[in-house]
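Novice: Chain A is already provided as a structure; the job is to place chain B with the ligands on it using the hints.
Protein chains: 2
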Amino acid sequence: MISVVILGAGNVATHLYKAFKASDNVVIKQWYNRHLERIRSYSNEVDISDDISQLVEADVYIIAVSDDAIAPLSEQLPFENRFVVHTSGSVSAYDLDKKNRRGVFYPLQTFSKAAKVDFSQVPICLETLRKTDYMPLKRLAICISDITKRVNSDQRAALHLAAVFVNNFTNQLYRVAHEITESQGAEFDLLKPLILETAQKVQDHSPFMSQTGPAKRKDKKTIKKHLKLLDNAQHKEIYKLLTASIQHTHGR
Amino acid sequence: MISVVILGAGNVATHLYKAFKASDNVVIKQWYNRHLERIRSYSNEVDISDDISQLVEADVYIIAVSDDAIAPLSEQLPFENRFVVHTSGSVSAYDLDKKNRRGVFYPLQTFSKAAKVDFSQVPICLETLRKTDYMPLKRLAICISDITKRVNSDQRAALHLAAVFVNNFTNQLYRVAHEITESQGAEFDLLKPLILETAQKVQDHSPFMSQTGPAKRKDKKTIKKHLKLLDNAQHKEIYKLLTASIQHTHGR
Ligand SMILES: NC(=O)c1ccc[n+]([C@@H]2O[C@H](COP(=O)([O-])OP(=O)(O)OC[C@H]3O[C@@H](n4cnc5c(N)ncnc54)[C@H](OP(=O)(O)O)[C@@H]3O)[C@@H](O)[C@H]2O)c1
Ligand SMILES: NC(=O)c1ccc[n+]([C@@H]2O[C@H](COP(=O)([O-])OP(=O)(O)OC[C@H]3O[C@@H](n4cnc5c(N)ncnc54)[C@H](OP(=O)(O)O)[C@@H]3O)[C@@H](O)[C@H]2O)c1
Numbered sequence: 001m002i003s004v005v006i007l008g009a010g011n012v013a014t015h016l017y018k019a020f021k022a023s024d025n026v027v028i029k030q031w032y033n034r035h036l037e038r039i040r041s042y043s044n045e046v047d048i049s050d051d052i053s054q055l056v057e058a059d060v061y062i063i064a065v066s067d068d069a070i071a072p073l074s075e076q077l078p079f080e081n082r083f084v085v086h087t088s089g090s091v092s093a094y095d096l097d098k099k100n101r102r103g104v105f106y107p108l109q110t111f112s113k114a115a116k117v118d119f120s121q122v123p124i125c126l127e128t129l130r131k132t133d134y135m136p137l138k139r140l141a142i143c144i145s146d147i148t149k150r151v152n153s154d155q156r157a158a159l160h161l162a163a164v165f166v167n168n169f170t171n172q173l174y175r176v177a178h179e180i181t182e183s184q185g186a187e188f189d190l191l192k193p194l195i196l197e198t199a200q201k202v203q204d205h206s207p208f209m210s211q212t213g214p215a216k217r218k219d220k221k222t223i224k225k226h227l228k229l230l231d232n233a234q235h236k237e238i239y240k241l242l243t244a245s246i247q248h249t250h251g252r
Numbered sequence: 001m002i003s004v005v006i007l008g009a010g011n012v013a014t015h016l017y018k019a020f021k022a023s024d025n026v027v028i029k030q031w032y033n034r035h036l037e038r039i040r041s042y043s044n045e046v047d048i049s050d051d052i053s054q055l056v057e058a059d060v061y062i063i064a065v066s067d068d069a070i071a072p073l074s075e076q077l078p079f080e081n082r083f084v085v086h087t088s089g090s091v092s093a094y095d096l097d098k099k100n101r102r103g104v105f106y107p108l109q110t111f112s113k114a115a116k117v118d119f120s121q122v123p124i125c126l127e128t129l130r131k132t133d134y135m136p137l138k139r140l141a142i143c144i145s146d147i148t149k150r151v152n153s154d155q156r157a158a159l160h161l162a163a164v165f166v167n168n169f170t171n172q173l174y175r176v177a178h179e180i181t182e183s184q185g186a187e188f189d190l191l192k193p194l195i196l197e198t199a200q201k202v203q204d205h206s207p208f209m210s211q212t213g214p215a216k217r218k219d220k221k222t223i224k225k226h227l228k229l230l231d232n233a234q235h236k237e238i239y240k241l242l243t244a245s246i247q248h249t250h251g252r
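Protein chains in written order, with the UniProt record's numbering: chain A, 1 to 252; chain B, 1 to 252.
It is worth saying that the hints were derived from the structure and are not from the lab.
Just so you know, not all the hints are guaranteed correct.
Since the list can't tell identical chains apart, any single copy or any two copies may satisfy a pair.
[To be verified] DSS-like cross-link-like pairs, simulated, lysine-lysine; straight-line CA separation at most 25 Å: (1) Lys138 to Lys116; (2) Lys116 to Lys192; (3) Lys218 to Lys228; (4) Lys225 to Lys98; (5) Lys18 to Lys192; (6) Lys192 to Lys138; (7) Lys113 to Lys216; (8) Lys113 to Lys218; (9) Lys99 to Lys138; (10) Lys192 to Lys216; (11) Lys228 to Lys240; (12) Lys138 to Lys18; (13) Lys99 to Lys131; (14) Lys98 to Lys221; (15) Lys18 to Lys113; (16) Lys216 to Lys116.
One chain only, chain A, in its complex shape (with noise of 0.2 Å):
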């Protein structure tokens, strides 16, 4: 058994405590955070609290809060030499306060309150600063997911960065073509089978060997077709800048 506080009550921490309170082998201890009422609905269900100084004994604490709040708070945690973690992809572990023992906890993957997540397919991307410490995040962490993996620092912050790729600038493209169809008065809906069937080939098959289309073909008529159609002068530079960055992936 493992036991574990969950400290900060948002998109993270509120899946963190549901994955850890489906699993038999984690208790969780307590679940702070600093205003009540965001978690006084899980009261009958676990020891809830928005005072530190009466943070109860665990084998983990994890700081599940904004990435500035984490240096802070970690400062205000009122014990010594125990374990704490927080799950930043960008947060070193080095801004967690000294006087514990350090961590990083990162599920890669994007949360929000209202979507359902299967957190066993959540990849863990487990770093601590003490070897001795890695085998219980570790143990701790497959009791939730499938996926777990140890990163040093840079290939934590590589993830993060390339997150922000397939993620959030994938979405823009999304907008972008939202914006394209509705202009014409096209249905964006209709590009949703696309869209997924375009994430389910990488699942099998590298991002360079799924690539099609006229970057890739070189073919500067439907190209410039394209660049007429597009009257927005951004999305223009987006097309231009990832149509060369194909034609660069693809060779001359």
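Specialist: Just chain B with the ligands, lined up with the frame of chain A:
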């Protein structure tokens, strides 16, 4: 019963052949390709031919050949006043020889020989130059797909252009993510659940509502950190441009 002749033996022609074959309401009268060997393995199931002068009669002729070959092939057709469609997203219906009745049967999906396709979930965009040809084409389309849509030329052009954004350009973002992770010895595979979730999310929510991340939050610290991490100049440009695009979409 609707009768068709398929012309061409590439990705689209082959998937269309299989989808029509599986329908009880379509009979494939003939499959034509300039090189017979590509379809010879089907000769026990269907009448095959490489002789354009020997095309048999059918309700609909579907030209699924490379964009540039559509016009010349349609000129070679040895009959008049029959119903001929092509399958391209970017070629005009007027590029078909006007001796026949003309239309477009554009399946909005990415096809490759290897990958299986559930045609019932492929949106088919329909266009006919004559109003009276529309219903027969629609009847054919609903034999193989649950999603059919009448579009005009501008709408089809917009959909084709938008498809480049959500398919080719998105795939290139996956590729960039692949390069970023590899450069640090991190695993691209860890991003795959996020890639899928990103595509899943816009099935039910608009891309506008789905956006998250440092660009939308205007988190300058993280953006600066990311730009510093990117050593590839083109990746930096993509990061800057898509960040600007997100910030433009989500206001100042
Ligand atoms: N969302 C994702 O997709 C995702 C994915 C992977 C990792 N992460 C990381 O997980 C962490 C939490 O993210 P999130 O999305 O769950 O955030 P969130 O939904 O915005 O929730 C933030 C939480 O932090 C608390 N908080 C903010 N400022 C605080 C302060 N000064 N002192 C104490 N608590 C404070 C908030 O408390 P109140 O409830 O009292 O306001 C809230 O519970 C971040 O490090 C983030 O980078 C997020
Ligand atoms: N692939 C997709 O994802 C996709 C999606 C939607 C629409 N489309 C459209 O569907 C059409 C076919 O695309 P595809 O991907 O199936 O192409 P493909 O796999 O490259 O196959 C092209 C076919 O065209 C034939 N062809 C090429 N030049 C010809 C010529 N001069 N005369 C006669 N036949 C010729 C080829 O004949 P041989 O076999 O003899 O070489 C081959 O059968 C195009 O208009 C494309 O824009 C494609």
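Novice: At most 25 Å between C-alpha atoms: does Lys225 with Lys98 qualify within a copy, between copies, both, or neither?
Specialist: Intra 59 Å, inter 23 Å, cutoff 25 Å: inter-copy only.
Novice: When Cα atoms must be at most 25 Å apart, do Lys218 and Lys228 count as within-copy, between-copy, both, or neither?
Specialist: within (17 Å within a copy, 32 Å between copies)
Novice: Give the relationship of Lys192 and Lys138 under a CA distance limit of 25 Å: within one copy only, between copies only, both, or neither.
Specialist: Classified as between: cross-chain Cα gap 21 Å, same-chain 37 Å, threshold 25 Å.
Novice: State whether the alpha carbon distance between Lys113 and Lys216 is at most 25 Å within one copy, between copies, both, or neither.
Specialist: Cα proximity of Lys113 and Lys216: across copies only (18 Å, versus 39 Å in one copy).
Novice: Given identical chains, is Lys18 near Lys113, meaning Cα to Cα at most 25 Å, within a copy, between copies, both, or neither?
Specialist: within (12 Å within a copy, 42 Å between copies)
Novice: What label fits Lys99 with Lys131 when the C-alpha limit is 25 Å: within, between, both, or neither?
Specialist: Intra 17 Å, inter 77 Å, cutoff 25 Å: intra-copy only.
Novice: At most 25 Å between CA atoms: does that hold for Lys138 and Lys116 within a copy, between copies, both, or neither?
Specialist: within (24 Å within a copy, 38 Å between copies)
Novice: Is the C-alpha distance from Lys98 to Lys221 at most 25 Å within one copy, between copies, in both cases, or in neither?
Specialist: Classified as between; 23 Å across copies, 60 Å inside a copy.
Novice: One pair to classify: Lys192 and Lys216, alpha carbons no more than 25 Å apart. Within, between, both, or neither?
Specialist: both (22 Å within a copy, 23 Å between copies)
Novice: How would you label the pair Lys18, Lys192 (within, between, both, or neither) given a Cα cut-off of 25 Å?
Specialist: Answer is between; shortest inter-copy Cα gap is 23 Å, intra-copy 30 Å.
Novice: With identical chains treated as interchangeable, where does the CA-CA distance between Lys113 and Lys218 reach 25 Å or less: within a copy, between copies, both, or neither?
Specialist: Result: close only across copies, 21 Å inter versus 43 Å intra.
Novice: Given identical chains, is Lys116 near Lys192, meaning Cα to Cα at most 25 Å, within a copy, between copies, both, or neither?
Specialist: both (20 Å within a copy, 17 Å between copies)
Against the hints set out earlier in the document, no violation occurs for any number.
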